[in-house]
Amino acid sequence: MVEANTSGKNGDKRTGGIAWAGSLVGSENPNNLGYRYSNPLKRYKMATTNGDDDGNGPEFPSNVVVQFSNRQGEELASSMDVPTESSVDDLQALVHSLLQGMDDNDDSSAAKRIPYSFYAKIKRENGVLDEVEITSSILEFLKEHKDVSTEMTLELTYQPLAIFKVRPITRCTSTMPGHTEAILHVSFSPDGQQLASGGGDTTVRFWDLNTSLPKATCKQHTDHVLCTAWSPDGKYFASADKRGTLILWNPNQRGRSNQQKAESTAEEETVIGATNAKKKIPNASEPVWVKAKAHSQYVSSLAWEPLHLNQGRGERLVTSSKDGTCKIWNVRTRQCLITLSGHTDAVEAVKWGGEGFLYTASRDRTIKVWTAKEGDVLGKLVRTLKGHGHRVNTLALSSDYVCRTGPYDFAPSGRPQRSFDGMDEDATRKAKYQAALERYQAFRDQQDGGHQERLVSGSDDYTLFLWHPMSDKHPIKRLTGHQQAVNHIQFSPDGRYFASASFDKKVKIWNGYSGDFLSTLTGHVGAVYQVAWSSDSRFLVSASKDSTAKLWDVSSGKAAKATLPGHADEVYALDWSPNGASVATGSKDRTIKIWKH
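If you read the sequence shown in the numbering used here, its first letter stands for residue 92, the second for the next number, and so on.
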């Protein structure tokens, strides 16, 4: 471990009084960072082994001046000379030492356990400034990016690394038939342990991922199931259809006896446990609540309130519709709390943001921002975002992943790190709320430029807009490049990038903070309908009209890492499990496929 003087005699508390390259002396282990920096022979070897073999001297200097900063732009100590051959492990050891020197109360053993990734700024061929991850060493980075000047300070941004790296999916492990029409939606539960699907055959199905067999088939819808959403605590699953019906399910509900099943009767609106309905104990295939005619026309989108808001009650849900309205529902009281009626045409998408605002996108070419936080006036219009020249099809938030997964972090095994078993209902709610709040706050702290939530909108006008919707009605940037309508957008889980899918057969990657264009992923021969990121933000998968899904290594920005064939028709539905273990695709061919490493 690097030893640093933290007494403040030779420097202030912020830098830990580090006298670089002079007083850093560690153990005699040559792999120790302090040893490498203080041992003259080691430094000499490092200075002479990275050059050419013709005796003309080193290709790169033995040391470079490095300035470490976190995602908020806060500098960690002063700039310092660092050996060019420093590996990522060396940089991590150095950052750990510097952080410990800044805080006398820091738990050094805990700090050591936090892995970091490091990013250096480079200029792309198109002149756009971007960040590139240092994956092996500074030397290898400089060899790959020879336009980076070693005479200037190398600015390295450090950020906590994903707890585990997702392995790229490469093979189909199961094909699950059952639906009798096209599959329009597939989605994994927040804990990654369950899968749900909805389609044109009017059914919702819950699948056992261990056996690849349906766990429950739900037949209460009477028209195409157009949108679905899991509650962030995984307790409920909501679905809505073309006739405007909203249904709430509990996939974890135990079954009933045959006698109870025989006694049940169909009702237009069923409220399980309410005073005006027969008391029943539903199983997973029976609804908890059916709201017929929740909207007068089809429901286009669903969004749950994030679990870290409203004390983790997880009881509010918002729906959007072709009828031009959005409605906020309380699923516990089975009431519509308010109808949002500011749009003048169909509402295509709705998002419930991590800061307590609702965002709605419409065919009227606008996006509206509404209050929805506990303590605020519910449904008050905050601002209208204008700029698109045609209907707005899709929205994405930088906080989507952390809000979707609520209290769940994952171990390398793919299982949730925290268990909420063995608690009563109230204790479970409080524990999940606290976990979700901690995860969201940690996510906010890692974001550049403060804690502003970012929104991206995609339109039939072929463009995207990047917004700071909570504070500004003007966009950060208008993004052009697609040659046909934008179908879908999704932020990477770490918020650093977002990907857009278009009818022009292309996927584009953009900087999540500035909106700068980074790369175009080409390979599909049909329209691209959806994209999904891996939980560690390293890979992207896309679904297309050409009957395939493709896996991309985003860091390379090159050809597809793998093509996932097997479907016999267009691939409409796609999701990557939050635990990183599986990808699910749903097709017009009426099958679901599960893909794994």
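The set of hints was computed from the structure by calculation and includes no laboratory data.
Heads up, a few of these hints could be off.
Unchecked claim - For lysine to any residue, the following SDA-like pairs were computed, each having C-alpha atoms within a straight-line distance of at most 20 Å: (1) 636 - 607; (2) 568 - 607; (3) 652 - 614; (4) 212 - 261; (5) 679 - 169.
Please read these numbers as outputs of a predicted model, since none were measured by experiment.
Could you tell me which of the hints above the structure violates, numbers in ascending order? Hints 1, 4, 5 not satisfied by this model.
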